[in-house]
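Student: Sequence:
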Amino acid sequence: MGKSSTKAEDKTNVMRILDQKGVPYCHYCYVGTGAISGVEVAQALNEDVRRVFKTLVTSAKSKKNYVFMVPVAEELDLKKAAKAVGEKSIEMVKSKDLLGLTGYIHGGCSPIGMKKYFDTVIDIAVLDQEKIIFSGGKIGYQVELSPADLKQVIPYQVNDITVS
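Mapped onto our numbering, the consecutive letters of the sequence shown carry residue numbers 1339 to 1502.
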């Protein structure tokens, strides 16, 4: 499904931001597939789990929040993640706190278009991908773009942040 086939009312905030910035992307809708987990979303889209990334929001003892993106079949290593951002420790933000903090709900959280920008780290696996797929900011919607194009929208660093 390409960019041109989306009606204005079907566009998510993420897609509108990408359009505003002139960043090329593809989008996918998996509404009605029953997919819930990231692995199920990758299967519903018939995509390699190494190309589909989930967006995780964390909180540090310093009270700073951080965003981490990892392939959907992988798990965030909290120690590696803390080290990557120079914190002693971090923990996942509780689902009930996500909306107020980011503007997104669990399952529809995108690194693009959060209420406020948080330092973002993408797992080193991104270096193996020409394009990655991640949440379009609403459950049932994903966007696909190159890591270089994502960098035009949000600054991020790359680090080894998954459980080995």
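Read the hints as simulated data drawn from the structure, not as lab findings. You may find that some hints are simply not true.
[Claimed, not checked] SDA-like, lysine to any residue: derived pairs with alpha carbons at most 25 Å apart:
#1 K1434 - K1359
#2 K1399 - D1348
#3 K1359 - G1370
#4 K1399 - K1469
#5 K1489 - L1436
#6 K1454 - D1386
#7 K1469 - P1362
Computed from a predicted model, the values in this text were never measured in an experiment.
Student: Checked against the structure, which of the hints given earlier come out wrong?
Tutor: 1, 2, 3, 4, 6
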